[in-house]
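Chemist: For the sequence shown, our numbering assigns the number 1 to the initial residue and increments by one for each residue that follows.
The reader is advised that the hints may include incorrect statements.
[To be verified] Using C-beta positions, here's what the derived DEER-type ranges look like: (1) Met66 to Leu178: 20 to 26 Å; (2) Ala75 to Cys26: 17 to 23 Å; (3) Glu103 to Ser152: 23 to 29 Å; (4) Glu157 to Asp81: 15 to 21 Å; (5) Asp13 to Gly142: 31 to 37 Å; (6) Gly121 to Asp43: 37 to 43 Å; (7) Glu176 to Glu107: 37 to 43 Å; (8) Asp143 to Ala75: 14 to 20 Å; (9) Ala40 to His144: 16 to 22 Å; (10) Glu174 to Ala75: 26 to 32 Å; (11) Glu174 to Gly78: 30 to 36 Å.
Think of the hints as simulated: they come from the structure by calculation, not from any bench. Glycine included, C-beta positions come from ideal geometry on N, C-alpha and C.
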Amino acid sequence: MRFGGAKQLAELDGRPLVAHAVAAACAAPELDRVVVVVGARGDEVRAALGDGRFDVVSCGEWEEGMSASLRCGVAAAGDADWAVVLLGDAPRMPVEAIALVVEAALEAPAEVAAVRADWRGRPGHPVALSRSLFERVGELRGDHGARDLLDSVAVLEVECGDLGDPGDVDTPDELEALR
Numbered sequence: 001m002r003f004g005g006a007k008q009l010a011e012l013d014g015r016p017l018v019a020h021a022v023a024a025a026c027a028a029p030e031l032d033r034v035v036v037v038v039g040a041r042g043d044e045v046r047a048a049l050g051d052g053r054f055d056v057v058s059c060g061e062w063e064e065g066m067s068a069s070l071r072c073g074v075a076a077a078g079d080a081d082w083a084v085v086l087l088g089d090a091p092r093m094p095v096e097a098i099a100l101v102v103e104a105a106l107e108a109p110a111e112v113a114a115v116r117a118d119w120r121g122r123p124g125h126p127v128a129l130s131r132s133l134f135e136r137v138g139e140l141r142g143d144h145g146a147r148d149l150l151d152s153v154a155v156l157e158v159e160c161g162d163l164g165d166p167g168d169v170d171t172p173d174e175l176e177a178l179r
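Please build the complete structure, drawing on both the sequences and the hints.
Modeler: If you want it as structure tokens, here you go:
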């Protein structure tokens, strides 16, 4: 069974899932700016997050799915050379994984369009998208993110499995397993 209700507001260790993910992003000194994209129940998410070293962007097209959030986040990146994508339902994201992906992106050869964390053979987040992909991200539609786009470009994989498990939560059982 998939998660019912506002998954990002489900609590883990006394805080909403999204607060854990945002805290990891804000703790990463490699990130110049942290943007939190909100859609449904955006006001509740804002209230749950409180104040911090991040900007909140409302995605009016949130009903379109993950691609809409991705478009909004990348658009908010402005003139940045890279945009690092994290998920609000990965409450155990190690800050070190963010650092590894960002460092690899900054050192990547020009032909590399994306840098993606690899969790013991499973590609996942964080994903750093180079400016060369921003326009194509703006064309994405549907509830599947950038997977197909990444399959069509040069992606550098960065092993992060030894850092732990980011704890991707898609079901109530997965949330319970993290408790």
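Chemist: For every hint, state whether the structure bears it out.
Modeler: Hint-by-hint comparison with the structure:
1. At about 21 Å, the beta-carbon gap between methionine 66 and leucine 178 stays in the expected band of 20 to 26 Å.
2. With their beta carbons about 21 Å apart, alanine 75 and cysteine 26 fall inside the hinted range of 17 to 23 Å.
3. As the Cβ distance of glutamate 103 to serine 152 is approximately 25 Å, the hint placing it in 23 to 29 Å holds.
4. The hint said 15 to 21 Å for the Cβ distance between glutamate 157 and aspartate 81, and at roughly 20 Å that hint holds.
5. Our hint of 31 to 37 Å for aspartate 13 and glycine 142 holds, since their Cβ atoms are close to 33 Å apart.
6. Between glycine 121 and aspartate 43 the Cβ separation comes to about 39 Å, which falls inside the hinted range of 37 to 43 Å.
7. A beta carbon spacing of about 39 Å between glutamate 176 and glutamate 107 agrees with the range 37 to 43 Å that was offered as a hint.
8. For the pair aspartate 143 and alanine 75, the supplied restraint of 14 to 20 Å holds, since their beta-carbon distance comes to about 18 Å.
9. A hinted range of 16 to 22 Å for the beta carbons of alanine 40 and histidine 144 is consistent with their spacing of about 18 Å.
10. At roughly 30 Å, the beta carbons of glutamate 174 and alanine 75 sit within the given window of 26 to 32 Å.
11. Remark: the range hint 30 to 36 Å for glutamate 174 to glycine 78 is upheld by a beta-carbon distance near 34 Å.
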